[in-house]
Structures are given as C-alpha cells and as structure tokens.
Amino acid sequence: MPHAATVNGTRHVFADLRTLLARATPLRSGDVLAGIAAETASERVAGQFALADLPLRSFLNEAVIPYESDEITRLILDSHSAQAFAPIAALTVGGLRDWLLADATPETLAALRPGLTPEMVAAVAKICRLQDLVAIAAKCRVTTAFRNTIGLPGRLSVRLQPNHPIDDPRGVAAATLDGLLLGAGDAVIGVNPATDSVAATSTLLHMLDQVRARYAIPTQTCVLAHVTTTLRCIEAGAPVDLVFQSIGGTQAANRGFGIDLALLAEAQQAALSLNRGTVGHNVMYFETGQGSALSAEAHHGVDQQTIEARAYAVARRFAPLLVNSVVGFIGPEYLHDGKQIIRAGLEDHFCGKLLGLPMGVDICYTNHAEADQDDMDALLTLLAVAGVTYIMGVPGADDIMLSYQSTSFHDALYVRGVLGRRPAPEFEAWLAGMGLAHATPDRIPAALSPALAGLS
Amino acid sequence: MPPPRPVQPPVLLPPPVLWRDLRRFTPARLALGRVGHGLPTAAHLDFQAAHAAARDAVHAALDAPRLCADLAAAGLSSVTVRSACPDRRTYLLRPDLGRRLADHQPLPPCPAIAFVVSDGLSATAAQRHAAPLLGLVMPALGQSGPVVIARQGRVALGDAIAAAMGAEAVAVLIGERPGLSAPDSLGVYLTWAPRPGRTDAERNCISNIRPEGLAIPAAADKLLWLIARMRRLRVTGIALKDEQPARVDEERKDVLF
Numbered sequence: 009m010p011h012a013a014t015v016n017g018t019r020h021v022f023a024d025l026r027t028l029l030a031r032a033t034p035l036r037s038g039d040v041l042a043g044i045a046a047e048t049a050s051e052r053v054a055g056q057f058a059l060a061d062l063p064l065r066s067f068l069n070e071a072v073i074p075y076e077s078d079e080i081t082r083l084i085l086d087s088h089s090a091q092a093f094a095p096i097a098a099l100t101v102g103g104l105r106d107w108l109l110a111d112a113t114p115e116t117l118a119a120l121r122p123g124l125t126p127e128m129v130a131a132v133a134k135i136c137r138l139q140d141l142v143a144i145a146a147k148c149r150v151t152t153a154f155r156n157t158i159g160l161p162g163r164l165s166v167r168l169q170p171n172h173p174i175d176d177p178r179g180v181a182a183a184t185l186d187g188l189l190l191g192a193g194d195a196v197i198g199v200n201p202a203t204d205s206v207a208a209t210s211t212l213l214h215m216l217d218q219v220r221a222r223y224a225i226p227t228q229t230c231v232l233a234h235v236t237t238t239l240r241c242i243e244a245g246a247p248v249d250l251v252f253q254s255i256g257g258t259q260a261a262n263r264g265f266g267i268d269l270a271l272l273a274e275a276q277q278a279a280l281s282l283n284r285g286t287v288g289h290n291v292m293y294f295e296t297g298q299g300s301a302l303s304a305e306a307h308h309g310v311d312q313q314t315i316e317a318r319a320y321a322v323a324r325r326f327a328p329l330l331v332n333s334v335v336g337f338i339g340p341e342y343l344h345d346g347k348q349i350i351r352a353g354l355e356d357h358f359c360g361k362l363l364g365l366p367m368g369v370d371i372c373y374t375n376h377a378e379a380d381q382d383d384m385d386a387l388l389t390l391l392a393v394a395g396v397t398y399i400m401g402v403p404g405a406d407d408i409m410l411s412y413q414s415t416s417f418h419d420a421l422y423v424r425g426v427l428g429r430r431p432a433p434e435f436e437a438w439l440a441g442m443g444l445a446h447a448t449p450d451r452i453p454a455a456l457s458p459a460l461a462g463l464s
Numbered sequence: 615m616p617p618p619r620p621v622q623p624p625v626l627l628p629p630p631v632l633w634r635d636l637r638r639f640t641p642a643r644l645a646l647g648r649v650g651h652g653l654p655t656a657a658h659l660d661f662q663a664a665h666a667a668a669r670d671a672v673h674a675a676l677d678a679p680r681l682c683a684d685l686a687a688a689g690l691s692s693v694t695v696r697s698a699c700p701d702r703r704t705y706l707l708r709p710d711l712g713r714r715l716a717d718h719q720p721l722p723p724c725p726a727i728a729f730v731v732s733d734g735l736s737a738t739a740a741q742r743h744a745a746p747l748l749g750l751v752m753p754a755l756g757q758s759g760p761v762v763i764a765r766q767g768r769v770a771l772g773d774a775i776a777a778a779m780g781a782e783a784v785a786v787l788i789g790e791r792p793g794l795s796a797p798d799s800l801g802v803y804l805t806w807a808p809r810p811g812r813t814d815a816e817r818n819c820i821s822n823i824r825p826e827g828l829a830i831p832a833a834a835d836k837l838l839w840l841i842a843r844m845r846r847l848r849v850t851g852i853a854l855k856d857e858q859p860a861r862v863d864e865e866r867k868d869v870l871f
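Protein chains in written order, with my numbering: chain U, 9 to 464; chain E, 615 to 871.
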C-alpha cells in the first residue's frame, strides 16, 4: 500500500511499508550503500510524517519480509499477543511515541512487550530524538539471572573481555585478573576465541571456570565460539555456563551465520540440561549489529535498523541472560562516523529494551571509522543515563585480538562513579569481601593471588 | 640449513605479586594505574598516539613508485592499476567500487599465479612487507612478475585483475584493518580459478603478517605450502584446510613473554 506526505511544498510517495521505513530512517551509510536511503533531507522528513500517521495495526497486516519465505517473520507474527497489544491497538506510530513519553510506566511497558513487534519499535525509534530514546528506555525494567542478578534498577554491569591474539590461557587469565581488580566481570567473563575449534574453546572454558571457582566469583563465564562448537564442547563435558551466538534479523542472515531457530533451541536445551545456574536459568548470550544482514546480502531491501530490531525477536524467543549490539564494529560502510554510531547505539538499546531484552551495548569503533574516544564517552554517558544493562570492559579499551576499541575497565568505573550505578548485588558483595576498595595502588590483594589463576 | 639455535637458559622471574607483573603474560594494556576513575595522563596519551598511528595508516597513500622500485630491487617487475574508487573516502564507504577495476586499465597476460599488492586499509603494511614477502615467494615459483600494484583495492579486486590476465589463481597481498597494537599488518588471500563473484569462503587467508606477528619468512613458507596444496587439489577455500605442520614459533613467544 502506498504512503505519502507533503513537506516543504513537495509531495513524496512511498510505494510500500519497507520503502517508507527506509526513507524515514535518519541518515546512515549502510542504507545509502544499499540504495534505499532517502535522496534528500525533505524526503526523509516526509517519510517520518507519513510513518507517524501510520496505524500500528498496519504492521500486523503487511510484513516487510514475506511470511512464507522467512522464519523470523513467522516467529514475529505467530508469537504476537493481541491481548497485550489491545491498550495501543488504536494508536498510530506517532501516537505510540507520545504515549511512551507521557504515559508509559515500567509496569505498563512490561505488560506491553508481547504486543509489540520489532517493526513497531523500529518505526517509533525513527521519529525519536536521542533524548526520547534515552527517556523511554530509562523507563524499561528487564532483569535476568544465572549466578547473579543482572539489570536491577540503579545497577550497571560489565562484561570482562580478556581477549588474546593466540588464545594463550595465561594471557587471558592476566587480563581477567586486571579486570576483576577494577571491578569488572559481573555480566560475564567472556572471551572471543581467535580460533573457533573445539580444542581451543574447551581449553579456555576449563581455564575460565577454574579462575571463577578458585576466586569464588558469583558470575558466569563464556567462550564466544560458534553455537555448533559450543554444543560439541558440551558433549565433551566442558563447563559451559552460557551459549553464545551472533544472530541477525532475517532467515538468510542467520543462514550466513550458520544457524536457524531450531539450532538455537537445541543449544538452549543443552545448556539448561547442565543446570549450572544458581540464582536463575537464563543461559543464552546473543550479539547483533546494524549492517550484518546487508554485509551478508540478506537484507531484502529493508533498512538496517529495522532488520536489527527483528534480530531481537530471535533473541527474546530464547530468554537470554545478555544481548548486546556491537554497534561500531561492523564498519564505516554501515555506520560512517561517531554521530551515526551514537544514534544507532541508542536506537538498538531502545528497541531491545522495549521488546524486553537485557540490552547491553559494545560501545566501540574501528580505526577506519570517523570516530574516537570522545564519541565513545558521549555514547557511554548517554547509554548509562538510558539505563543500559551492561557494557564491555577491555584492558585499556584496546582489543588486541579483534583490533578495535571498546570501553575499558576505567570507563566502567567512570560511568558507575559519575551516575552512582553499582554492580550486580552478588558481585558487589564479592568485591567488598575481596578488600579491593582498600587495596594499595599496585599490590594485588592476597585473596586474588595470581597463582590461583595459574599465573606463576 | 641454518645452524641450530643455542639453547637459551630460561629467564627466571619471581612469581607475579605486583599488578604490573601481569604485563609479562600479554601485550594487552594491563596495570595502567588510576587517577580517580580515569587513566593517568601518560597512559591516556599513549593510547592517543597509538590511535593516531592507526588513523594515519588508514589514510596514508601507497607510494607506488617506491614499491615498484623495492620490487625491482628484488628482481620483480610490476604494473600499477587502480580500482573504481577515486579517493579514500569513497573507498571506505563503497566496498562495491573497491572490488571493480577503473576503466581502461591495461594488464599483461599471466597464465600462472597473479600476484596483486593492494593498499587495502593499511598502505603502511603493503609498503613495508609486500616486496620482502614476494621477494621470497615468487622466485621459488619461477616467476619474476609482473606484480600488479592496485590502489584503493578490496580483496575481490584481485578476481577482476586475475580474470583480465587469464591467471589460474590469484594471491592478493593487502593491508589489514589497523589495530592500535598493529598498524602495519599484512594479509594474503589466495583464490583458485578467480573470477568476479567469488566469495570469501572460496579463499584461503594468511593474516597478521608483520615482524611482531607472523614473520615474513614464516609467511612465505605458509603461502608456498598453500600454493602447492592448491595446485594439487585445484581448489581454495573451506575445501583446502591449512594443515601445514606447526613450527615452534620461538620468535613470537619472545615477544609475548
């Protein structure tokens, strides 16, 4: 069905819903590369006017990717709750934005989740300013648990990311200890392996589990290998807390990742069968990012922010402990500069939270993007005000395996300090017990002796 | 055969006690200290310097005449072409154009393996490491050129070049995305029966070639091993597993520990 609006004296027509969504999206390089972005600033705003007038019911009647050919579309429409949708069923996209800003409370937002589709929240994001994305997300409450409790009000967790270029276990252990000494690690201690093999992944899984057990840390560990590798590690008896996988918002994008919904379900069941959680049983960890579908030529002419929101439908099907967008990692052909990365990071967090996900963000950039530490400080501070569930902690912000810059252990201390955010309660108690608050600047407390982590 | 290395007595270090002792286990930025919640000034500026080096590497222009002279000194001839990207900004935003040759780029025929050197995301890497690597690899194959120097090229530009030359395979030496610790890392992508439309799953890659990573002699060995294997199996990509016997990489250990 065509849509139209007149702006600055010119009438703009949009052939269908996916075209409307693409033209209404704030400028980013990936949509330009895909050839679907608005040609002019006025066309973009006309798209936003037309989108604001669109009844929310339209999203239930017109799929951006056909129901018959895409299992993510089927998941979205088959799991939609008409009952939860009822309070907003008469609203337009613009009306939903106003309702979210004026009327929504943490309680009404929690009840609304099964009634929202990814396309609805993506559409609202397109007509929000940054402050709207912050203010609305800050009303969302999402709590998950495994060996500690993530996402409670006033808390901000950190994934400790101790990567090493050749997966050297002692190098990983040393970086882990550095992060623990700086208060990081309550979201997960999670390593990206340089080699995605069962042997390398198992070695790291055993090492991380020993470090966790010897220091008695109330947290979870993860090696971010492909889901099929992790399944084989589980079969071989390796200590797997969380199953990790990168996911996308179309069936074809997921095929590019070598997965489908059935494989993710199998992995969730395998992890649950180990019964390793102590305070909860959220066993999945997902990463996403705008541009990954276009990169795999699996975008179907849909804009990258809408595709990203559809990935969250995949995530929420499996009750994850953690989900994060790797916003600045995919590259400048998708998000060109600090301005585009900052907006996309806030959009992803907003959409994930409205859909009920424990949303973190890998606040990051590559060296060929037009971005620097100042841009990351801006996004970090905005996201923390918006209530981001967790961020990354990388030694000195420099990931020496993946060759990009994320947030550091120091960045986490900064933002916890300036906004009064605290770690997950179980982890906070553990930190207090370790005496870290009273440690001298350069001597490691006896309770965290390097020898216990295998360093001698 | 080189004479065996003298056995070095192990350096005995006391067990790690201080925070900064952790640095001996990894090149990561550990034990940086704290001022309030922030970084001490020196650590902050060290980071800025590393980022500046990486940014400069991304935006540096390949000095093609100098690379041509370096190749000539190694006994190798060369020709220079460019992709359809007119400048660096276009290169970063339009990967599709970086995979296509500009119009009117004459190339000589080459029935053997086409060797392409491209700036990629680090002209610094191509400038420093391509000529020494090819100086070891090409004579061992009985080839002396022409090396194709390609400005503003993506990996897949090699497919278009090799197809134009009629080559049986292509090896693209390309500057990798610079990290803070490695602004000059070179990658090599090997593709059998190259033609436009080949996917990355149909290539083999050797990564992190630089003195502090995979040293140039070791990279040359690995590339020659892969080429021999490729010619035997007449395939590259996931069907050609890198099963070269591992060598004890003492140089790398020295760097890390």
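Just so you know, these hints were derived from the structure itself, not from any lab.
Take the hints with a grain of salt, since some may be wrong.
[As the list claims (entries may be wrong)] Derived, one-sided and incomplete: chain U residues facing chain E with beta-carbon distance under 7 Å:
1. Ala-224
2. His-376
3. Asp-406
[What the hints assert, rightly or not] Some but not every residue of chain U turned toward chain E, in silico, with C-beta under 8 Å:
4. Thr-27
5. Leu-189
6. Leu-463
7. Ser-464
As the structure is a computational prediction, the values presented were derived from the model and not from experiment.
Even for Gly, the Cβ is constructed at its ideal location relative to N, Cα and C.
Checklist line | Interface hint for U:Leu-463, Cβ within 8 Å of any Cβ on chain E | finding: Cβ of U:Leu-463 sits 5 Å from chain E, so the hint holds.
Note to self: Restraint: U:Asp-406 near chain E, CB-CB cut 7 Å. Satisfied or not?
What the structure shows: holds, 5 Å
Next item on the list: Go through the hint on U:Ser-464 and say holds or violated, using the shortest Cβ distance to chain E against 8 Å.
Entry: Hint holds; U:Ser-464 Cβ to chain E Cβ min 5 Å, cut 8 Å.
Note to self: Hint validation: U:Ala-224 versus chain E, beta carbon distance must be below 7 Å. Holds or violated?
What the structure shows: violated, 20 Å
Note to self: Would the hint on U:Thr-27 be counted as holding, given a Cβ-Cβ threshold of 8 Å to chain E?
What the structure shows: violated, 21 Å
Note to self: Does the closest beta carbon of chain E sit nearer than 7 Å to the beta carbon of U:His-376?
What the structure shows: holds, 5 Å
Item checked: Restraint check, 8 Å cut-off on beta carbons, for U:Leu-189 near chain E -> holds, 7 Å
Hints 1 and 4 from the earlier list are contradicted by this structure; the remaining hints agree with it.
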